[in-house]
Amino acid sequence: DAGITQSPRHKVTETGTPVTLRCHQTENHRYMYWYRQDPGHGLRLIHYSYGVKDTDKGEVSDGYSVSRSKTEDFLLTLESATSSQTSVYFCAISESSGQGLYNEQFFGPGTRLTVL
Amino acid sequence: AQTVTQSQPEMSVQEAETVTLSCTYDTSESDYYLFWYKQPPSRQMILVIRQEAYKQQNATENRFSVNFQKAAKSFSLKISDSQLGDAAMYFCAYRARLGGFGNEKLTFGTGTRLTIIP
Numbered sequence: 004d005a006g007i008t009q010s011p012r013h014k015v016t017e018t019g020t021p022v023t024l025r026c027h028q029t030e031n032h033r034y035m036y037w038y039r040q041d042p043g044h045g046l047r048l049i050h051y052s053y054g055v056k057d058t059d060k061g062e063v064s065d066g067y068s069v070s071r072s073k074t075e076d077f078l079l080t081l082e083s084a085t086s087s088q089t090s091v092y093f094c095a096i097s098e099s100s101g102q103g104l105y106n107e108q109f110f111g112p113g114t115r116l117t118v119l
Numbered sequence: 006a007q008t009v010t011q012s013q014p015e016m017s018v019q020e021a022e023t024v025t026l027s028c029t030y031d032t033s034e035s036d037y038y039l040f041w042y043k044q045p046p047s048r049q050m051i052l053v054i055r056q057e058a059y060k061q062q063n064a065t066e067n068r069f070s071v072n073f074q075k076a077a078k079s080f081s082l083k084i085s086d087s088q089l090g091d092a093a094m095y096f097c098a099y100r101a102r103l104g105g106f107g108n109e110k111l112t113f114g115t116g117t118r119l120t121i122i123p
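Protein chains in written order, with the working numbering: chain A, 4 to 119; chain B, 6 to 123.
These are calculated hints, taken from the structure and not from any lab test. All figures in this text were calculated on a predicted structure; none of them were measured in a lab. Be aware that a few hints might be false.
Covered stretches of chain A, as calculated for chain B (at least 3 residues, CB under 8 Å) [to be verified]:
hint : stretch
1    : 42 to 51
2    : 88 to 99
3    : 110 to 119
We put the CB at the ideal spot given by N, CA and C, even for glycine.
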């Protein structure tokens, strides 16, 4: 299994509080991603990173920010959590494909976040 | 933007029988990858099978095979000899072939929950 851990694995918080989720990899892969999974929506991309300090928005980025100060860590922050952000959050990693070569995207175990 | 559609929220099949899960997609690209992922109750995302759009031959992995119809933008998954361990949520996903700066990201369908009946 790819070396990806997420912390915490479960969290319950209240509306309006800040929350930070951490993704840590030991694979030295360039790309890191945050997805959220909701019933009826599948997995949707929140933000991704293509290198240290290089990040960009995905399709559901409102209310989220990210940071990547080291290759191995990718943090997802909810500045002021809302009930609509109750979800399961997945981190994923991949090496850069380049020239059309294929590199698999590996997923972490997920974090279940509940915002009351 | 690319979209992926799975029109079957739930499917069930008798153990040892064959089941086909459907997926359609929309893209303006000519070269891309398509995937089927399995998510068992453990929540772990597991890659089942990958299809490269420039290859006409349908991908197979043991009991799992795909029917890739590029012109129709259809990508179905066939599971033969269904086993209890196949029970899971299955997601279809798309990725552009050329990598770099956002092209690596996956676009997922909404999923199909597969139940295996003993």
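Okay, the hints, checked on the actual structure:
1. For the stretch 42 to 51 of chain A, the stated coverage by chain B holds: 7 residues have a C-beta nearer than 8 Å to a C-beta of that chain, and at least 3 were required.
2. Only when three residues or more bring their CB closer than 8 Å to a CB of chain B does the claim for the stretch 88 to 99 of chain A stand; here the count is 5, and the claim holds.
3. Counting residues of the stretch 110 to 119 of chain A whose CB lies closer than 8 Å to any CB of chain B gives 3, so the stated coverage by that chain holds, three being the minimum.
Of the hints listed earlier, there is not a single one the structure fails to meet.
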